[in-house]
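**Q** Top to bottom, those sequences are chains Z and C.
Heads up: the first sequence begins at 1 in the working numbering, then just goes up one per residue.
Heads up: the second sequence begins at 1 in the working numbering, then just goes up one per residue.
Hints listed in this document are in silico derivations from the structure and should not be mistaken for laboratory results.
Where hints are given, some of them may not hold.
[Claimed, not checked] For lysine to any residue, the following SDA-like pairs were computed, each having C-alpha atoms within a straight-line distance of at most 20 Å:
#	chain 1	residue 1	chain 2	residue 2
1	Z	Lys289	C	Ala84
2	Z	Lys297	C	Ile24
3	Z	Lys155	Z	Ala123
4	Z	Lys217	Z	Asn355
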Amino acid sequence: MSKKTALYQKHLDAGAKLIDFGGWEMPVHYGSQLNEHHQVRQDAGIFDVSHMTIVDLVGENIKPFLRFLLANNIDKLKQTGKALYTCMLNEQGGIIDDLIVYYQSNTQFRMVVNAATHDKDLAWIQQQNTNFNVQITERTDLSMLAVQGPQAREKVKSLLPEALQTSAMALKPFNACWQADVFIARTGYTGEDGFEIMLPHEQVSDYWDKLLAAGVKPIGLGARDSLRLEAGMNLYGTDMDETKTPLESGLTWTVAWQPDERNFIGRQALENQKSTRHPVFHGLVLLDKGVLRGHQKVYVENFGEGEITSGSFSPTLNAAIGFSRLPAGDYQQVEVEIRNKRLRAKVVKLPFVRNGQVCVDLNIL
Amino acid sequence: MSGDIPKNLRYAETHEWVRNDDGIFVVGITDHAQEALGDLVFVELPEEGREVNAKEECAAIDSVKAASDLYSPVAGKIVAINPALEDEPEIISNSPYEDGWLFKIEPTDINSLDSLLTAEQYKQKLEEA
Numbered sequence: 001m002s003k004k005t006a007l008y009q010k011h012l013d014a015g016a017k018l019i020d021f022g023g024w025e026m027p028v029h030y031g032s033q034l035n036e037h038h039q040v041r042q043d044a045g046i047f048d049v050s051h052m053t054i055v056d057l058v059g060e061n062i063k064p065f066l067r068f069l070l071a072n073n074i075d076k077l078k079q080t081g082k083a084l085y086t087c088m089l090n091e092q093g094g095i096i097d098d099l100i101v102y103y104q105s106n107t108q109f110r111m112v113v114n115a116a117t118h119d120k121d122l123a124w125i126q127q128q129n130t131n132f133n134v135q136i137t138e139r140t141d142l143s144m145l146a147v148q149g150p151q152a153r154e155k156v157k158s159l160l161p162e163a164l165q166t167s168a169m170a171l172k173p174f175n176a177c178w179q180a181d182v183f184i185a186r187t188g189y190t191g192e193d194g195f196e197i198m199l200p201h202e203q204v205s206d207y208w209d210k211l212l213a214a215g216v217k218p219i220g221l222g223a224r225d226s227l228r229l230e231a232g233m234n235l236y237g238t239d240m241d242e243t244k245t246p247l248e249s250g251l252t253w254t255v256a257w258q259p260d261e262r263n264f265i266g267r268q269a270l271e272n273q274k275s276t277r278h279p280v281f282h283g284l285v286l287l288d289k290g291v292l293r294g295h296q297k298v299y300v301e302n303f304g305e306g307e308i309t310s311g312s313f314s315p316t317l318n319a320a321i322g323f324s325r326l327p328a329g330d331y332q333q334v335e336v337e338i339r340n341k342r343l344r345a346k347v348v349k350l351p352f353v354r355n356g357q358v359c360v361d362l363n364i365l
Numbered sequence: 001m002s003g004d005i006p007k008n009l010r011y012a013e014t015h016e017w018v019r020n021d022d023g024i025f026v027v028g029i030t031d032h033a034q035e036a037l038g039d040l041v042f043v044e045l046p047e048e049g050r051e052v053n054a055k056e057e058c059a060a061i062d063s064v065k066a067a068s069d070l071y072s073p074v075a076g077k078i079v080a081i082n083p084a085l086e087d088e089p090e091i092i093s094n095s096p097y098e099d100g101w102l103f104k105i106e107p108t109d110i111n112s113l114d115s116l117l118t119a120e121q122y123k124q125k126l127e128e129a
């Protein structure tokens, strides 16, 4: 029996095609994935992301606990409301999940983790908590909306409670503010400006209706995937899992090596891997005609073989793009096997698109 | 939702349609198929002159969602492909039964058309699924 969000009926009303996603019945599109993609890049779109797991962590030992639990270091968070993207690793350095953690006070943090990993994440966090005695509360009473696009913040502004309007509009990227149970963060998964809003289920329909009335269009998981791919953002379960470390997943930047004495779960394994010749993560643009997809085989001349982890057609570049896990080495071009043919692809620096702008040189095409 | 299913065409279980144009079979995908695929971004067609068997994989369509293989409904020789699809695959979505045709086959056996589903049978198949 799949779960439904508080906006289930609203999705049906908006003409959504629903699919199962991590045990939830979620909209994949509302007509055209391509139009929805462009809508977010050019104007503003709204995503129901209530399937994601919100966890509040409270206690005197919260900081030591998170310093131990997470590969990135929460001590980077100096100001209340600041957010941090991080991996949560197992002892082998494999990624249990990627998540965002928000610093609310010296005794309170909020975490947002993936839907498909809900059970194992909570079990793992509880298990590690044994010696820290932090109070862990899943916020099943909250819905979550993402409003994304160059016009997103402006369209959200008037809906916010007065007490939050000024502070929300003044938020810097990757910062949050809140009042009672309404929590606004200037974060997202599209490469565009915007907000992620956590709020009680009873209020979410009202926000949804008003944003639609303001011209914000509903966006499904399909476009969410092509947007995040263009933005160079990994998808858990596809681009990385428990058998892959951050160093093999393009997430080395999220590992806080300093200070040396911070002992986080997985640290030793990562230290060991660091000095070896391990696989690396690269963005690819397909030069020949076709579309990159997960699990396609990649050949790197003189260096070996690798694999596409996720790929799609990029509506913004009008070309096929993807992420790949490849042998380490110095090379710029690779071959991807698609339907028994080897097609040429170019290694590019991620992201492909940020804030509506193409970041790769399209003259290569 | 089964989409439009013209009476004058024959259908394969894999959602291709076939029209007999004076002994040359024109092949495309059904309205139902294009709707299920979503926004189309790339079509790979067989080479002209290629001999294909019935139910042989001979083309592919990529949508933003996924890649789908297409099968030749009958045995024969590919005598033409639709050149417009290379740059505008969305023609298939807009006109699956006319401008969005994929390729033409000179059939090995003109009677092979009879082995395919009628519009009524195809409709029934979609309703069962």
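**Q** Output the indices of the hints that this structure fails to meet, ascending.
**A** 2, 3
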